[in-house]
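Sequences are here, hints too, so could you generate the full structure?
Residue numbers (the working numbering): 1 to 111.
Since the hints were made in silico from the structure, they are not lab data. Computed from a predicted structure; not experimentally measured. Backbone N, C-alpha and C define an ideal beta-carbon position, used for all residues, glycine too.
For lysine to any residue, the following SDA-like pairs were computed, each having C-alpha atoms within a straight-line distance of at most 20 Å:
1) Lys25 / Leu81
2) Lys18 / Lys40
3) Lys71 / Val97
4) Lys71 / Leu91
5) Lys22 / Leu88
6) Lys57 / Leu8
7) Lys22 / Ser79
8) Lys40 / Gln51
9) Lys71 / Glu14
10) Lys18 / Leu92
11) Lys71 / Arg90
12) Lys9 / Val21
13) Lys71 / Glu10
14) Lys18 / Tyr54
15) Lys57 / Val13
16) Lys18 / Lys71
17) Lys25 / Glu35
Have a look at the derived ranges for each label pair, beta carbon to beta carbon:
18) Ser67 / Leu88: 11 to 21 Å
19) Glu95 / Leu8: 23 to 33 Å
20) His39 / Asn74: 25 to 35 Å
21) Ser33 / Pro7: 31 to 41 Å
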Amino acid sequence: MTQNSFPLKEWHVEHMEKIIVKFVKGLSENANSWERRNHKRYGGIANVSRQIRYDIKHGATNDDLLSFLQKIRNDTSYSNLRDYDGSLGRLLELEGVFPLELTSFNVRSLR
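Shown next, in the form of structure tokens:
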């Protein structure tokens, strides 16, 4: 019997993708006060990178992260995401936290 080291790998990959999309999209212009407060508290680059590192620790890989960042940048299905104000700047900020050259290294060693 083989042991499944990461039983929720797919869930962590999907969670990482949702977090990245939410960060790149940013706060909507007509957000209510609750959404603005939660975005200020949890929507910054520090919390987003912490959640991504958690997902990588629990089964998602650096290659999953880098391929999704490239998919956002190049794929036509994410063209509407790139149209938001400041989305490319936030994507660059996220790529700065997780440099593209580190595909073979562990993200936890960046601390």
